[in-house]
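**Student:** Each chain, letter by letter, is given below.
There are 2 protein chains.
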Amino acid sequence: MNDGLLIVLSGPSGAGKGTIHDKVLQIMPEIKKSISVTTRKPRKHEIEGVHYYFKTEEEYSQMIADGEFLETASVYCHNYGTPKAPVFEMLKNGSDVIFEIDNFGSRQIKKKYPDAVTIYIMPPSFEELERRLIARGTETPDSLKTRLGNARRELSEYKDFDYIVFNDDADVATEQVVAIIRAEKCRMYRNEQTVKGMLKRK
Amino acid sequence: MNDGLLIVLSGPSGAGKGTIHDKVLQIMPEIKKSISVTTRKPRKHEIEGVHYYFKTEEEYSQMIADGEFLETASVYCHNYGTPKAPVFEMLKNGSDVIFEIDNFGSRQIKKKYPDAVTIYIMPPSFEELERRLIARGTETPDSLKTRLGNARRELSEYKDFDYIVFNDDADVATEQVVAIIRAEKCRMYRNEQTVKGMLKRK
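Just so you know, the protein sequences line up as chains A and B, in that order. Here the first sequence is numbered in the working numbering, starting from 1 and rising by one per residue. Here the second sequence is numbered in the working numbering, starting from 1001 and rising by one per residue.
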């Protein structure tokens, strides 16, 4: 059986990677999501092992020391990371695993697992990105300015990704991501074992 | 505007590349087919410039001498080839062009146009390939033996292709080819100009 695909969705905030991530999972419910480990306190409704694995700083540092992470980052003084073992296990069992993560996390994953398929979700334009961030109504003029500055810096890292999907219409962009996942399963080197088996027989 | 995609469908006879080729064009009627040049005489109903461009041996040899072919082959003492110029013109205008061609032709195309997307249509098994060839009712025991021998030799060249599609169900295989075409349009390097333009603006 072929290994599953490790699929990474990245993109600046406002590009819509969260929406596309959820829509892809509606079309391909068989795809697994990885569960992150975090040192922040659980919010109400957050269930251990469903939303996150909640760890103390000490436990988390030990996991880093033991090289247990596929990627790890610190956000607002809290650590968030993806443990390697369960992801590699799902892939070995032939399950596809999808990540919605920032550029930094994507680069760490690609480094530890070069066969990862990395997809960058782009806004159709900066104007549209700005419009979406304002529409959220959660941005102050300052935070908006910061987010747009970050977006420009992040977008300039597009070369790190295998694919670029422009999210003008979320359904069209979702179809493109689904097509990428289906196409990657047909890559020659992913099917070599099957073909070799076929050529051996008879 | 991005260049169109040059898509190559290959596979041993009986794998079903012809059927898939036609089904892909039903789903993506915007994809252009290239018209071959041949030295064989037109059959009735065959129209110059629609089915083939019919040339004399002398004209054909001159075209070879002038390096006008993307690929050329001799089949049963007749020459068949694809003229480069019209294909490259369609690609430059942003049109995708699809080829249904054998391994030898596919290799020639990939050599002259490395950006070609080459897809190998595989039968699900040798048993099924044999069953399909017999079902055609056009094969003598000898020609069947020859075709199966050729198939085995051709299948062992799978490494020359970018993608492998197993044709168990023609509709599923067609969807996979369509997904490959859609995914290839999202490849990072095919969208670099668009992104650079976006980063320049504003």
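It is worth saying that the hints were derived from the structure and are not from the lab. As the structure is a prediction and not an experimental result, all values here were calculated from the model. Hints are not guaranteed to be accurate.
To be verified - Now the in silico label distances, taken between C-beta atoms and shown as ranges:
hint : chain 1 : residue 1 : chain 2 : residue 2 : range
1    : B       : 1041      : A       : 157       : 32 to 40 Å
2    : B       : 1029      : A       : 157       : 34 to 42 Å
3    : A       : 67        : B       : 1030      : 45 to 53 Å
4    : A       : 137       : B       : 1125      : 37 to 45 Å
5    : A       : 157       : B       : 1152      : 43 to 51 Å
6    : B       : 1029      : A       : 114       : 36 to 44 Å
7    : B       : 1200      : A       : 113       : 31 to 39 Å
8    : A       : 160       : B       : 1200      : 14 to 22 Å
9    : A       : 159       : B       : 1030      : 42 to 50 Å
10   : A       : 194       : B       : 1030      : 31 to 39 Å
11   : B       : 1089      : A       : 86        : 50 to 58 Å
Claimed, not checked - Below, a list of computed lysine-lysine pairs in the DSS-like style, where the Cα atoms sit at most 30 Å apart:
hint : chain 1 : residue 1 : chain 2 : residue 2
12   : B       : 1111      : A       : 196
13   : A       : 33        : B       : 1185
14   : B       : 1055      : A       : 185
15   : B       : 1092      : A       : 200
16   : B       : 1145      : A       : 196
17   : B       : 1092      : A       : 159
18   : A       : 32        : A       : 145
19   : A       : 196       : B       : 1112
20   : A       : 112       : B       : 1185
21   : A       : 110       : B       : 1145
22   : B       : 1159      : A       : 23
23   : B       : 1159      : B       : 1185
24   : A       : 185       : B       : 1200
25   : B       : 1112      : A       : 111
26   : A       : 159       : B       : 1110
27   : A       : 145       : B       : 1196
28   : B       : 1092      : A       : 110
29   : A       : 32        : B       : 1145
30   : B       : 1023      : A       : 196
31   : B       : 1111      : A       : 92
What the hints assert, rightly or not - Computed, partial: chain A to chain B, Cβ under 10 Å:
hint : residue
32   : 75
33   : 76
34   : 77
35   : 80
36   : 84
37   : 85
38   : 88
39   : 127
40   : 152
Beta carbons: idealized from backbone N, C-alpha and C, even for Gly.
**Student:** Now look at each hint and say whether the structure bears it out.
**Tutor:** Hint check results:
Against the hinted window of 32 to 40 Å, the Cβ-Cβ separation of residue 1041 of chain B and residue 157 of chain A comes to about 59 Å, which falls outside the hint. Separation of residue 1029 of chain B from residue 157 of chain A is about 37 Å and conforms to the stated range, judged on CB atoms against 34 to 42 Å. At about 50 Å, the CB distance of residue 67 of chain A to residue 1030 of chain B agrees with the hint of 45 to 53 Å. In this structure the supplied range 37 to 45 Å is violated for residue 137 of chain A paired with residue 1125 of chain B, their Cβ-Cβ distance being about 58 Å.
Range check, residue 157 of chain A to residue 1152 of chain B: about 46 Å between beta-carbon atoms, so the 43 to 51 Å window is met. Between residue 1029 of chain B and residue 114 of chain A, the C-beta spacing of about 38 Å keeps the proposed range 36 to 44 Å intact. The hint said 31 to 39 Å for the Cβ distance between residue 1200 of chain B and residue 113 of chain A, and at roughly 33 Å that hint holds. Remark: the range hint 14 to 22 Å for residue 160 of chain A to residue 1200 of chain B is upheld by a beta-carbon distance near 20 Å.
At roughly 29 Å, the beta-carbon separation of residue 159 of chain A and residue 1030 of chain B lies outside the given 42 to 50 Å, and the hint is violated. For residue 194 of chain A paired with residue 1030 of chain B, a C-beta distance near 32 Å keeps the hint of 31 to 39 Å intact. Remark: the range hint 50 to 58 Å for residue 1089 of chain B to residue 86 of chain A is upheld by a beta-carbon distance near 52 Å. As the CA atoms of residue 1111 of chain B and residue 196 of chain A are separated by approximately 25 Å, the hinted pair is consistent with the 30 Å bound.
Pair hint residue 33 of chain A plus residue 1185 of chain B holds up; C-alpha atoms about 26 Å apart against a cutoff of 30 Å. Between the alpha carbons of residue 1055 of chain B and residue 185 of chain A the distance comes to roughly 42 Å, so the proposed pair goes past 30 Å and is violated. With a CA separation close to 43 Å, the supplied pair residue 1092 of chain B and residue 200 of chain A exceeds the 30 Å bound. With a CA separation close to 21 Å, the supplied pair residue 1145 of chain B and residue 196 of chain A stays within the 30 Å bound.
At roughly 24 Å between alpha-carbon atoms, residue 1092 of chain B and residue 159 of chain A fall within 30 Å of each other, so this suggested pair holds. Under the criterion of a C-alpha separation no larger than 30 Å, the hint pairing residue 32 of chain A with residue 145 of chain A is inconsistent with the structure, at around 35 Å. Distance hint between residue 196 of chain A and residue 1112 of chain B is fulfilled; the C-alpha atoms sit about 28 Å from each other, no more than 30 Å. Taken as a hint, the residue 112 of chain A and residue 1185 of chain B pair is honoured in the structure, with Cα atoms around 27 Å apart against an allowance of 30 Å.
The hinted pair formed by residue 110 of chain A and residue 1145 of chain B fails the criterion: a straight-line CA distance of about 47 Å is larger than 30 Å. Our distance criterion of 30 Å between C-alpha atoms is broken by residue 1159 of chain B and residue 23 of chain A, whose separation comes to about 34 Å. This hinted pair checks out: residue 1159 of chain B and residue 1185 of chain B have alpha carbons roughly 22 Å apart, not beyond 30 Å. A hinted pair counts as satisfied when its Cα atoms are at most 30 Å apart, and residue 185 of chain A with residue 1200 of chain B does not qualify at roughly 35 Å.
Between the alpha carbons of residue 1112 of chain B and residue 111 of chain A the distance comes to roughly 33 Å, so the proposed pair goes past 30 Å and is violated. Restraint check for residue 159 of chain A and residue 1110 of chain B: the C-alpha separation of about 24 Å stays at or below 30 Å, so the hint holds. A threshold of 30 Å between alpha carbons decides the hint, and for residue 145 of chain A with residue 1196 of chain B the separation of about 21 Å falls inside it, so the pair holds. Pair hint residue 1092 of chain B plus residue 110 of chain A does not hold up; C-alpha atoms about 33 Å apart against a cutoff of 30 Å.
Between residue 32 of chain A and residue 1145 of chain B the CA atoms are separated by roughly 46 Å; this puts the pair beyond 30 Å, and the hint is violated. With a C-alpha separation of about 28 Å, the suggested pair residue 1023 of chain B and residue 196 of chain A falls inside the 30 Å cut-off, and the hint holds. The hinted pair formed by residue 1111 of chain B and residue 92 of chain A fails the criterion: a straight-line CA distance of about 36 Å is larger than 30 Å. Proximity of residue 75 of chain A to chain B is violated relative to the hint, the smallest CB-CB distance being about 26 Å (cut-off 10 Å).
Look at residue 76 of chain A: its Cβ only gets to about 28 Å from chain B, farther than 10 Å, so that hint breaks. Proximity of residue 77 of chain A to chain B is violated relative to the hint, the smallest CB-CB distance being about 32 Å (cut-off 10 Å). Because the beta carbon of residue 80 of chain A sits about 26 Å from the nearest beta carbon in chain B, more than 10 Å, this interface hint is broken. Proximity of residue 84 of chain A to chain B is violated relative to the hint, the smallest CB-CB distance being about 26 Å (cut-off 10 Å).
The criterion of a C-beta within 10 Å of any C-beta in chain B is not met by residue 85 of chain A, whose closest approach is roughly 30 Å, and the hint is violated. At about 25 Å, the closest approach between the beta carbon of residue 88 of chain A and any beta carbon in chain B exceeds 10 Å, and the interface hint on this residue is violated. With a cut of 10 Å, the hint placing residue 127 of chain A at the interface with chain B holds, because the nearest CB-to-CB distance is about 7 Å. Satisfaction of the interface hint for residue 152 of chain A is found here, the shortest Cβ-Cβ separation to chain B being roughly 7 Å, below the 10 Å cut-off.
Violation of the numbered hints given earlier is confined to hints 1, 4, 9, 14, 15, 18, 21, 22, 24, 25, 28, 29, 31, 32, 33, 34, 35, 36, 37 and 38; the remaining hints are satisfied by the structure.
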